[in-house]
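Each chain, letter by letter, is given below.
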Amino acid sequence: MAPNDSAETTGEATSTVVGRRKAARYIVPVAVAGVAAATIGLVPALADSGDPDLPKISAQELIEKIAASDEEQLSGTFKISTDLGLPLDGLAGSLVPGGRGGDKDGGAAAPQDKLMELTSGTHTLRVAADGPERQKLSILGDASEYSLIHNQGEVWAYDSKSDEVYHAEAPEGRDGGGRAEKAPKAPEGAPATPKDFAEQALAAAGDTTSVTVDGTAQVAGRDAYQLLIKPKQSGSTIGSVRIAVDAENGVPLKFTLSAANGGKAVVDAGFTKVDFAQPAASTFAFTPPKGAKVTEADELETGKDERGAMQKALPGQLAELDGLAGEGGFNVIGEGWTSIAEFRSPGGKGLPEAGSGDMPAEAQGFLDALGDKVTGKFGSGTVFKTRLVNALLTDDGSVYVGAVTKDALVRAADAAAK
Amino acid sequence: MSQAEKSPAERAIDPGPQGSRSPLWTLGLLRSEISTLLRRHRTYALLAVLAAVPVLIGIAVRIETGGGGGGEGGAEGGAGPAFLAQVTNNGFFLVFAALAATLPVFLPMAVGVVAGDAIAGEASSGTLRYLLVAPAGRTRLLLVKYASVLAFCLIATLVVAVSALAVGALLFPVGDVTTISGTRIGFGEGLVRAGLTALVVAVSLAGFAAIGLFVSTLTGSGIGAMAATVGLLITVQILDSIPQLSGVHPYLFAHYWMSFADVLREPVYWDDLSKNFQLQGLYVAVFGSAAWARFTAKDITA
Numbered sequence: 001m002a003p004n005d006s007a008e009t010t011g012e013a014t015s016t017v018v019g020r021r022k023a024a025r026y027i028v029p030v031a032v033a034g035v036a037a038a039t040i041g042l043v044p045a046l047a048d049s050g051d052p053d054l055p056k057i058s059a060q061e062l063i064e065k066i067a068a069s070d071e072e073q074l075s076g077t078f079k080i081s082t083d084l085g086l087p088l089d090g091l092a093g094s095l096v097p098g099g100r101g102g103d104k105d106g107g108a109a110a111p112q113d114k115l116m117e118l119t120s121g122t123h124t125l126r127v128a129a130d131g132p133e134r135q136k137l138s139i140l141g142d143a144s145e146y147s148l149i150h151n152q153g154e155v156w157a158y159d160s161k162s163d164e165v166y167h168a169e170a171p172e173g174r175d176g177g178g179r180a181e182k183a184p185k186a187p188e189g190a191p192a193t194p195k196d197f198a199e200q201a202l203a204a205a206g207d208t209t210s211v212t213v214d215g216t217a218q219v220a221g222r223d224a225y226q227l228l229i230k231p232k233q234s235g236s237t238i239g240s241v242r243i244a245v246d247a248e249n250g251v252p253l254k255f256t257l258s259a260a261n262g263g264k265a266v267v268d269a270g271f272t273k274v275d276f277a278q279p280a281a282s283t284f285a286f287t288p289p290k291g292a293k294v295t296e297a298d299e300l301e302t303g304k305d306e307r308g309a310m311q312k313a314l315p316g317q318l319a320e321l322d323g324l325a326g327e328g329g330f331n332v333i334g335e336g337w338t339s340i341a342e343f344r345s346p347g348g349k350g351l352p353e354a355g356s357g358d359m360p361a362e363a364q365g366f367l368d369a370l371g372d373k374v375t376g377k378f379g380s381g382t383v384f385k386t387r388l389v390n391a392l393l394t395d396d397g398s399v400y401v402g403a404v405t406k407d408a409l410v411r412a413a414d415a416a417a418k
Numbered sequence: 001m002s003q004a005e006k007s008p009a010e011r012a013i014d015p016g017p018q019g020s021r022s023p024l025w026t027l028g029l030l031r032s033e034i035s036t037l038l039r040r041h042r043t044y045a046l047l048a049v050l051a052a053v054p055v056l057i058g059i060a061v062r063i064e065t066g067g068g069g070g071g072e073g074g075a076e077g078g079a080g081p082a083f084l085a086q087v088t089n090n091g092f093f094l095v096f097a098a099l100a101a102t103l104p105v106f107l108p109m110a111v112g113v114v115a116g117d118a119i120a121g122e123a124s125s126g127t128l129r130y131l132l133v134a135p136a137g138r139t140r141l142l143l144v145k146y147a148s149v150l151a152f153c154l155i156a157t158l159v160v161a162v163s164a165l166a167v168g169a170l171l172f173p174v175g176d177v178t179t180i181s182g183t184r185i186g187f188g189e190g191l192v193r194a195g196l197t198a199l200v201v202a203v204s205l206a207g208f209a210a211i212g213l214f215v216s217t218l219t220g221s222g223i224g225a226m227a228a229t230v231g232l233l234i235t236v237q238i239l240d241s242i243p244q245l246s247g248v249h250p251y252l253f254a255h256y257w258m259s260f261a262d263v264l265r266e267p268v269y270w271d272d273l274s275k276n277f278q279l280q281g282l283y284v285a286v287f288g289s290a291a292w293a294r295f296t297a298k299d300i301t302a
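If you read the sequences in order, they're chains A and B. So the first sequence is numbered by my numbering: it starts at 1 and just counts up by one. So the second sequence is numbered by my numbering: it starts at 1 and just counts up by one.
I should point out that these hints are in silico values taken from the structure, not numbers from a laboratory. Accuracy of the hints is not assured; some may be wrong.
To spell it out: a stretch of chain B is covered by chain A in this simulated footprint if at least three of its residues, at any positions, have a beta carbon under 8 Å from a beta carbon of chain A; those stretches are [what the hints assert, rightly or not]:
1. 82 to 93
2. 275 to 287
27 Å max Cα-Cα, derived BS3-like pairs, lysine-lysine [to be verified]:
3. K264/A - K275/B
4. K385/A - K232/A
5. K385/A - K373/A
6. K273/A - K79/A
7. K230/A - K385/A
8. K65/A - K79/A
9. K273/A - K275/B
10. K264/A - K385/A
11. K273/A - K65/A
12. K275/B - K79/A
13. K22/A - K298/B
14. K232/A - K264/A
Here a beta-carbon is modelled for each residue, glycine too, at the ideal position from N, C-alpha and C.
Throw the hints in and build the complete structure from the sequences for me.
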């Protein structure tokens, strides 16, 4: 009230002062917004800077530490982002038989489809484990959650979005230890935990690989060593694999796979929160909610073979390629990181030619849009690129696939043509 | 910055000669504001619409599943609003389904009407100057207005929750609650979670209420303020649904609204909830102080 009255009753000079004072009030909201913006900008930078001081350790010792790690009880939040750079967004999901819209197959809550979703985009997971007999993995969705629970011989999957339950008996005689065992085994290559990742990466080691300890880091509030794995050969699309290992108990906490040509990590998976105390027993208890639709695993399985095929169907076509391998045969060119798989299709025919009548023109155009045309001594072909795996389909029907650059594929094809 | 620090001092002086008053006086003002708010027919209409939403959802789900083929209903439920699939089997989830259905539009729209009307409505009906003649002071009046809008947020949310609980218990079986993480909690703890959820939803609306109050100080037209506030809500909801703008999404006040569902995880997943609270606090601070800056410096002509 005061500024208002004085403005009306006094002269020009005071009115500008009052005006200024009025304007000054707006500094408060602006300052609040500014401080907030600065905090948002600075806090992550400050949080990142503190790499812990840990005693030096060799790569060998670190790997042993991982191997010796016998931590069986943990719970935590796990974040995984995958950017495979597939030609079409979300192609990974649609390639899976009965992918996202899996409901129609009747096995809405079946684990395979859900785990496949993890191969693209960013997901938050919760994991809990208490020895080999009890594990739980939850994928947090928008106002819903997909939980996979293994509790002493029983495997339950509960999809809260559709309120459907999937039930299976845990495979007998399989020794626990890893978390992947909790369910009918996750599709090959589908990421699960840092431990699985680490084992996969280390298995590929050899003369072709440099394994070093690259400093330390803070992961999920714990001190960790960073194991850096890099291909020694050139031509690989994999830049580096980085594994953060808990300095205290050797549990891999974070896994980062970077592409050779830089950019965002292809796979970035790690704990954002981890606790090595025993999770509450109620975490693993599951009784289907009253009235929920329960699908038994045996109802889903029409035959063992089909199940086997499902598991292999990681990128859809791979299953077909397996089939091709059986008929047409395939061999591996090169070794280590730059190994290239070569398939010869039995018909000796590659992609249908435009206008050959095998394929509608639109479909042909679509395929061309996905790939790059290349030519070389082998003739000509099309290269299909993702950020990690490239494939060359030659016009005479050979397929070269590997985690290598386009040039390396062409060289391999040239060498094979000689 | 020095000027900004001076401002609180100005604010203390601002109410004029009657600088110190008992806090009881403020409480009395707040009580009269809230009772005025609750006596308005418009408030009843808003609350009645909110209470009707769970009834509609409940009856619709009941008819859908009652017509046979419960399994079909379950499969389709995945596409509808969150928690709809669980409602058939446990009426308790109607609370969450109703909150999920009303939170994007109905609830904030009601809050936007009340918040937008808070100052501008008084101005357009010519009662604002009489309010200011009373020795309340502008800052205090603004705080009381905001507090009554917040009270409305809580009342509106509780109306939805209680109506949903009543309808759910009437139309569907109730019993132990399976959290969305698959663990089971008793009905009593479920009720505690439902109450907590209602509280979270009410807090989620605090930032939007502050925006409404700010808009309300900008204009002398009550209708204009309501329209602008609700229009802003719709704009933000549209922005939040455009994936190409994902960079700004974390800063939109509506972005973390659905995080109330995290209360139903076991253990409760606090990450998004706390982000939501921080964001609401930020909006309250920025738009609350902007409303204060505007209102305390404004010429009151009506």
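Exercise. Looking at the structure, which of the earlier hints fail to hold?
Worked result: none
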